[in-house]
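Read off the chains here:
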Amino acid sequence: MTTAEKLRFDPIGALAERTLAVDAQVSNAWQRHLALSVPAGAAILAVGGYGRRQLFPYSDIDLLLLFASEKAAAAHKEEIAGFLQQLWDAGMRVSQSVRTPAECCELHEGNIELSVSLLDQRYLAGDATVYGTMLAKLPRFVHGQRDALVRHLSRMTRERHARFNGTFHHLEPNIKEAPGGLRDLQLVSWLAQIAGTTPQAFSGPVRVPELDDARRTLFALRGYLHQQAKRDSNILTFDAQEWIAELMGVEETAVMRGYFRSARTVHRSALGALETEEARASSLFAQFRDRRSRVSNADFTVARERIYLRAPQQLAAEPELALRLLEFIGRHGMRLSLEAEQRISPQLAAVRQYFTQPRPIWPALREALSLPHAPLALRVAYETGVLTALFPELERIDSLVIRDFFHRYTVDEHTLVAIQTLAELRGEKVPPASSFAGLFSEIEQPGLLVFALLFHDVGKGNRQEAHIDASLRLADRALERIQMPAAERASMRFLIRHHLDMSATMNGRDPFDPSTARDFAHAVGTVENLKRLTLITYADISAVNPTVMTSWRAEQLWQLYLLTYNELTRELETERIEEADSPEQSAFLEGFPKRYLRTHSEADVARHMQLELESRTRGVAVDLEKSGSIYRLTLVTVDRPFLFATVSGTLSSFGMNILKAEAFANRRGAVLDTFSFADPLRTLELNPTEMDRLKATVERAVLGRADVKQLLRSRPRSAPLSRKARIDPAIHFDDQASQSATLIQVVAEDRPGLLYDIASTISSRGASIEVVLIDTEAHKAIDVFYVTAAGRKLTPEKQAELQQALLAVLRG
Amino acid sequence: MKKIEAIIQPFKLEPVKEALKSIGIDGMTITEVRGHGRQKGHKEVYRGQEYNVDLLPKVKVELVVTDARLNEILSTLTTAARTGKIGDGKVFVYDVAEAIRIRNDDRGEAAL
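Here the protein sequences line up with chains A and B, keeping their order.
Here our numbering is used: position 2 in the first sequence is 2, and no number is missing along the way.
Residues are numbered in our numbering as their position in the second sequence, beginning at 1, plus a constant of 812.
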C-alpha cells in the first residue's frame, strides 16, 4: 500500500509511522557518530512538525542538538558533521540547530522562533541528564514569557493572514500558510501549550470533533500534495485538485468544498484562540471600561472592540435583530465576540424561517448597506450564517470554485471582495482610483449598489442556465421577499443584467469610434445608471485578483465612462420625440428629448400627463413625493421667463438643498421641471403640513402671486463653509456640444439659493434655459444649462456678458 | 527565427489572439502599454474641465516565430488588428540569435 493510499484512510497514523522510521534512522546516526565520543552532556531532540510526530513525506526534519556547553559543542564539530552527513545521505532534508539548555530558556527577539519550536520538542537519544536540565527549566520559562510569546505568535499570524488577503477562499490555496491552513492548526496547539491547557479549551466557537475532522482533511491533502509533487509542495493547484479527486473517486468540487469547510473551521478556531489569549493579556480594568463603551445600545454591548448580544435568545424571538446587527457593525466597524457567535448559531433556523415570509425590510437593509463598514457587516453576517439565513440564495455560491485563469477567489469571496473594493473607494486620493471615488460620492443610494453586487454572481455554477439569467432569477426571488419598490427593483435588475457589458465594450469596441459611446449610452439610458454600472464594473474587475485592476485598465474604464457621459449629456438637444403610442401621449411628449422616455417609467409618464391635464385649468400643477431621504418635486406649467429660477428660489427659501434638477419642454410650450432635493433641517419631516405649504407656495410663485426675492429674504441660513473648503467658481461655454443651444457649465461652491442666482442671472440677460442638469458633489455644485437667446445659440458678445454677470453673482 | 512585436489597440487583442490560434500559434507575451504615434492624444471635456489623455492605452503582443512562417503570421496578425483608422498600431520584426527552453535546454527552433 502506498503512502497516498494510507493517507486516504488514516493520515495521522501514516504520519506517525513515517516519524517512527525517521526516529530509528536519527538514533542510529547518533549512536554511530556521537554516542561514543560524547557519552555525557549531549542529546538530540526532534522539534517542529517532526517533534509533533507529523512528518509529511517531504517535510524537513527539524533537529535540535542540545549540548551542556558551547565549548563541548565546538569540540565535537567533526562528529556532528558526520552525524548530519549520514542523515543527508539517507535522503533526509535536515535542518538543525545547536543549543545549550540555558539558551533554550532565554528570550530575545532573534531566537523567539526557537522558543516556539521547543513547544513541540521530543527527546530522541543521548544524555538524558542534559535533556532533564533543559526540561526542568522549560515550563517556568514558557509561563514567565507567556505574554511575549503570545504577542509574537499573534503578530506573525496576522502578518501571514494579511499575505493572503485574510481569506482562505482561494481557488488554488496554500494549505499550509493560508488562513485556515496547517499553521493555524499549530497556532491553536501552541497557544494551548503556552497557556498550560489543552487545544480543546482553545477551540473557540468550534467543536472538538469538527476540529479533529478538519485536521484529518488537511493532513490527508498535504500528504497527497507531497506524494504528487515529490517535494514539499503545499499549493492545491488545479492539477492537484484533479489528481486527488481521481484518487479519491470523487468530483473536484467535493475535494474543494471539503477543504474550504476544514479551512473555515481551523480559521475560526485560530482566531478564537488568538482572541482568547489577547483578551487575557489586557487588564480587567480595560474590559470594565470597554463594557460601558458609549456605542452600546439596547440590543448590543461592546467590549474590547467586540460586539455582544444583550439578551441571549433575542435573535430567535425577534429575527429582525439580524438587520440591526448589520446596521450596528456597518456603523461601528467591529466584529462579533466569540460568545455572540456561539449564541447566534443555534438561533439561525428561526431567523431563516421568519424571513421565508415576505417582509418589507428593504428600507432598513438599504440604510445598513450604505454605511461605511457595510462590507465588514456583510462578511461577519456571511461567516456566521446570518446572511444566508436572510438570503438562502447565497448558499449556492458558498465556497464555489469556478475555474478561470485570472480568478483567484471562490465566488462568495469574490463577491465580498468586490463590495469591499467599492467601499474602499471612499479613501482613494490618487488617480485613476480617485476618479471612481468621485463617482461613488455622487451616488444617491450606495446601498442599492452593494446589494446588486451581493447578487451579481449568485447564479454562477448553474449548469442548466446562463449565469446572468440565473442571477436575475434568484435576485428576483429575494427582491420579492423583501418587497423592494418597483423603481429600485428595476435598477437592481439593470445592474445585474448588464454587469459584464462595460468590460465587454471596453475589450471589444473601439472607444474612439463614435458609435461605441452612442450605443453604450443608449444601452445605459441615464447618467445615474452609467455611474452605477461604472462602479459595479470597477469593483467586479478589481475583485478578480489583487493585481488585475492596473491603472492601465482603470484608465480604459474611465475613458469609456467619460465618452458615454458626454454622449448622454450632449445628445439632449439633438434627438426629439416625434411620435408616441397614442394621440394623447403624442400631444404631451412631442418635442421632449428622447432621453425623457429612457429616464421615466410608464407610470411616471402617465402621472406627468395627469399633471399636464390639471395644469390646463389651474395654470400649474405640482406634485411632491418622498423617496428614501430625497424629495422630488415635479411641476408642469406653460413656459415663461424666470420659471426655473422661480422654483429653485422658492425651494431654497424653505431651506431645501437642491441636488438635481431637469427641465423639459414640449412642442406646445408645456414645461415639465423636476427637482430632487434634500431637507437638511428636516422641516418637512417634522412638520407634515409644510409639504402642502411648499406645494402651494411653488404654485403661487410660478403664477406670479408670490415674490421669490421676498421669500428668499426670510430663508433659513446655513453655516458658512470653512475657508479650506472654498471652491473657485468656473464657467465654461461650449458651442459644439449641442446643435441648437449653447451649453454653460458652472462649477461653484454650493450654497442655498445658488441655483436661483444662476438661473435668474441667465434669465435676466434675455436668455432662455432649455435644459438643465444639476449635480452636487459634496460642497461642489456642477450645473449644466442649455441656453438659447431668440431661439439660437448665444453670440460671443452675449457669452462674454453672461460670463461677467455670472462670475459677479458667484463671487458674491 | 524572428521576433514580432506588435503594438495594437486593446479591443483588437481578442481578435488577434483568435486569428493566431486559428493558424496554430498559441504562445505569445502580452503587455499593457501606453503610447501614441500619429494618433496623438485625445481631449475630453468633463464637467467643464479638460481631460487630456496624452498616452493612449495600447497592448503589446510579442512572439518569436520561425522564418518559414513569418509572412503568414504577419499577414494574419495585421489583418486581425486592422480597422483602417489612425491608431491601429505598428508591427516591428527583429532577428533572433538564439532561443532556449529553460526546462530542458532545447535550442533554436525546437525551443519555440
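Hints may be right or wrong, so weigh each one.
Partial selection, computed: residues in chain A whose CB lies under 8 angstroms from chain B [unchecked claim]:
id, residue
1, Arg-509
2, Phe-512
3, Trp-552
4, Ser-582
These aren't lab readings, by the way, just hints derived from the structure by calculation.
Don't be surprised by glycine CBs; every beta carbon is placed ideally from N, CA and C.
Here is how each hint holds up against the structure:
1. Residue-level restraint check for Arg-509(A) holds (minimum Cβ-Cβ distance to chain B is 6 angstroms; threshold 8 angstroms).
2. This hint holds: Phe-512(A) has a C-beta 7 angstroms from the nearest C-beta of chain B, less than the 8 angstroms allowed.
3. Taken as an interface hint, Trp-552(A) checks out: its beta carbon lies about 4 angstroms from the nearest beta carbon of chain B, inside 8 angstroms.
4. With 8 angstroms as the threshold, the beta carbon of Ser-582(A) stays out of range of chain B, its nearest partner Cβ sitting at about 38 angstroms, so the hint is violated.
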